[in-house]
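In the order they appear, the protein sequences are chains S and Z. Be aware that the first sequence starts at 1, since it is given in this note's numbering, and climbs by one per residue. Be aware that the second sequence starts at 1, since it is given in this note's numbering, and climbs by one per residue.
Errors might be hidden in some of the hints.
[Said to hold, decoys possible] No more than 20 Å apart at the CA atoms, straight line, and that leaves these computed lysine to any residue pairs for SDA-like: (1) Z:90 / Z:117; (2) S:283 / Z:39; (3) S:283 / Z:35; (4) Z:56 / S:265; (5) Z:51 / Z:101; (6) Z:56 / S:124; (7) Z:56 / S:96; (8) S:265 / Z:13; (9) Z:56 / S:94; (10) S:265 / Z:16; (11) S:283 / Z:1; (12) S:283 / Z:101; (13) Z:56 / S:99; (14) Z:51 / S:75; (15) S:265 / Z:106; (16) Z:51 / S:94; (17) Z:77 / Z:101; (18) S:283 / Z:20; (19) S:265 / Z:19; (20) Z:51 / S:283; (21) Z:51 / S:105; (22) S:283 / Z:42; (23) Z:51 / S:95; (24) Z:106 / S:100; (25) S:283 / Z:38; (26) Z:51 / S:77; (27) Z:90 / Z:109; (28) Z:56 / S:15.
[Claimed, not checked] With the Cβ distance kept under 8 Å, some of the chain Z side facing chain S (calculated, not the full set): (29) 19; (30) 20; (31) 41.
Think of the hints as simulated: they come from the structure by calculation, not from any bench. Where a beta carbon is used, it is the ideal one built from N, C-alpha and C, also for glycine.
Spelled out from the first residue to the last, the chains are:
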Amino acid sequence: MRFLFVDRILQLSPGQFIRGLKHVTPDDFYLCKDDKGKLAFITSLIGETLGQLAAWNVMSTNNFTKRPVAGFANSARIYRKAFVGDTLLLESFIDSLDDTAVQYHSVARIGDEVVFTIDGALGPLLPMDDFIDSSTVRRQFDEINRPGEWPWPTPPTERLPLLPTTDNQLISAPMVFDRVIEHVPGVSMSAEKKISYAAPYFPDHFPKKPVLPLTVLLECSLNLATLFLADSPYAGQYKVSEVRRVKMSDFVYPSDVVLCYLTVKIHQTEKLILNCRIEVEGKRVCILDVVMLPKEREQ
Amino acid sequence: MNVDAIYPKVREIIADVLVIDEKDVTLDRRLIVDLGAESIDFLDLVFQLEKEFAIKIPRGQLEKNARGDLAPDEFEKGGVLTPAGLSALKQYLNEVPDAYFKPTMKVSEIPLLFTVETFCKLIVAAVKEQSATESVA
């Protein structure tokens, strides 16, 4: 199943700026349900889409010789889900780019409403041919690079109700940890995920070097945080608002067993911050903080 | 501004970036060898230092500073430091004990030498340079 999410590149200024869009449709594979049962694009994958958009700019700028990989993001802020029927308008701004890394920030909107932002993202650049044939990437780029106008304002037809969907349109590869290993309610939780080569994202991520997308770990961690919260003294009080200081320090490969250690970092009335430390064979591969705000104050 | 003045903040940032206890961070500790830093941690660290001290640290600046006035091919040949390159490196990284330098040293091994103090010095230099640029402007 494709793990390429930008439907179309509308505007590209090499090494500076890129604009594109993604439709969220019943044909999408990576869907989930919100707490009211409404089908939505998996939230972390909005971040993946923005990262891929920035990557298209970088790769076309360096003539497809190097590609950025996930490294570090200072903040990924979640404003709301993108539901089936929505169109994500995407913008990535390249803050700096050289032979070794790209730094960028991004925003996703639905109409004029900001739904997801990324700030202070840093991606090391690695040789393209280690991951995928450059001719393949070039072809993928040509397929979606069709400059055009920003679809603005939102077409009125997008406000019309969608035809009913069925449960079989739900994702068959949920982004969750496999099992909880240890749980001290309100204090900590640890969980395990075995990485299978059969996971649908590996063919695109990447053909010559399958590695787990950072955003999959991110979504798994967000789901673990929600699970932790549900069985804690703070149940029902907070909602995920932001992920901070996300850092991927090593690749995760098929066959790896990933362990996530979630602990409460800060608990105050106005915010709850959970820290996730993710390891493979005792070595840190990813860390991140999940910031939760009180439900009534969540924007 | 000097190393002593910025050290407490740098120490706090390094501990935060490497997710280690602040008490484990001392001026003489090497980031990779002693504190377990990965390459992505350097990107993260530079980003946090730039933000905190409102400076710009171009990637590869430490290596560039170490090279000093030497031309690239005077500094290294085939990825290995020349005797002149090694001498320039020792002079620039004068806070690093002599024992840590190998007689034949690869360019890719230079980051292994970087200590907490190396970063403090880098910031002091960047702040001075920025102030000089601003006063010229």
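Verification of the supplied hints:
Distance hint between residue 90 of chain Z and residue 117 of chain Z is fulfilled; the C-alpha atoms sit about 14 Å from each other, no more than 20 Å. With a C-alpha separation of about 14 Å, the suggested pair residue 283 of chain S and residue 39 of chain Z falls inside the 20 Å cut-off, and the hint holds. For the hint linking residue 283 of chain S to residue 35 of chain Z, the alpha-carbon distance of about 14 Å falls within 20 Å, and the restraint holds. In summary, the hint linking residue 56 of chain Z to residue 265 of chain S is not supported, as the alpha carbons are separated by about 30 Å, beyond the 20 Å threshold.
Restraint check for residue 51 of chain Z and residue 101 of chain Z: the C-alpha separation of about 31 Å exceeds 20 Å, so the hint is violated. In summary, the hint linking residue 56 of chain Z to residue 124 of chain S is supported, as the alpha carbons are separated by about 18 Å, within the 20 Å threshold. Straight-line distance between C-alpha atoms of residue 56 of chain Z and residue 96 of chain S comes to about 11 Å, which keeps the hinted pair within the 20 Å bound. At most 20 Å may separate the alpha-carbon atoms for a hinted pair to count; residue 265 of chain S and residue 13 of chain Z meet this at roughly 17 Å.
At most 20 Å may separate the alpha-carbon atoms for a hinted pair to count; residue 56 of chain Z and residue 94 of chain S meet this at roughly 16 Å. Note on residue 265 of chain S and residue 16 of chain Z: the hinted pairing holds, with a Cα-Cα distance of about 13 Å set against a maximum of 20 Å. Of the supplied pair hints, the one linking residue 283 of chain S and residue 1 of chain Z is violated, its CA atoms being roughly 37 Å apart against a limit of 20 Å. A distance of roughly 28 Å separates the Cα atoms of residue 283 of chain S and residue 101 of chain Z; the hinted pair therefore is violated under the 20 Å criterion.
Proximity of residue 56 of chain Z to residue 99 of chain S is assessed by CA-CA distance (about 17 Å); at most 20 Å being required, the pair is judged to hold. Proximity of residue 51 of chain Z to residue 75 of chain S is assessed by CA-CA distance (about 14 Å); at most 20 Å being required, the pair is judged to hold. Taking the CA atoms of residue 265 of chain S and residue 106 of chain Z, the gap is near 41 Å; set against the 20 Å cutoff, the hint is violated. Our distance criterion of 20 Å between C-alpha atoms is met by residue 51 of chain Z and residue 94 of chain S, whose separation comes to about 17 Å.
For the hint pairing residue 77 of chain Z with residue 101 of chain Z, the CA-to-CA distance comes to about 17 Å; that is within 20 Å, so the pair holds. Distance restraint check for residue 283 of chain S and residue 20 of chain Z: the Cα-Cα separation of roughly 14 Å lies within the 20 Å cut-off, and the hinted pair is therefore satisfied. The hinted pair formed by residue 265 of chain S and residue 19 of chain Z meets the criterion: a straight-line CA distance of about 12 Å does not exceed 20 Å. At most 20 Å may separate the alpha-carbon atoms for a hinted pair to count; residue 51 of chain Z and residue 283 of chain S exceed this at roughly 28 Å.
Restraint check for residue 51 of chain Z and residue 105 of chain S: satisfied, since their Cα atoms lie roughly 15 Å apart, inside the 20 Å limit. A distance of roughly 17 Å separates the Cα atoms of residue 283 of chain S and residue 42 of chain Z; the hinted pair therefore holds under the 20 Å criterion. Between residue 51 of chain Z and residue 95 of chain S, the direct Cα distance comes to roughly 14 Å. Compliance with the 20 Å bound is thereby established for this hinted pair. For the hint linking residue 106 of chain Z to residue 100 of chain S, the alpha-carbon distance of about 18 Å falls within 20 Å, and the restraint holds.
Between residue 283 of chain S and residue 38 of chain Z, the direct Cα distance comes to roughly 11 Å. Compliance with the 20 Å bound is thereby established for this hinted pair. Simply put, residue 51 of chain Z and residue 77 of chain S have alpha-carbon atoms about 19 Å apart, close enough for the 20 Å limit, and the pair holds. Restraint check for residue 90 of chain Z and residue 109 of chain Z: satisfied, since their Cα atoms lie roughly 13 Å apart, inside the 20 Å limit. Between residue 56 of chain Z and residue 15 of chain S, the direct Cα distance comes to roughly 19 Å. Compliance with the 20 Å bound is thereby established for this hinted pair.
Because the beta carbon of residue 19 of chain Z sits about 6 Å from the nearest beta carbon in chain S, less than 8 Å, this interface hint is met. Interface hint status for residue 20 of chain Z: violated, as the beta-carbon distance to the closest one in chain S is roughly 11 Å, over 8 Å. Taking 8 Å as the C-beta cut-off, the interface hint given for residue 41 of chain Z holds, the closest approach to chain S being about 7 Å.
Against the hints set out earlier in the document, violations occur for numbers 4, 5, 11, 12, 15, 20 and 30.
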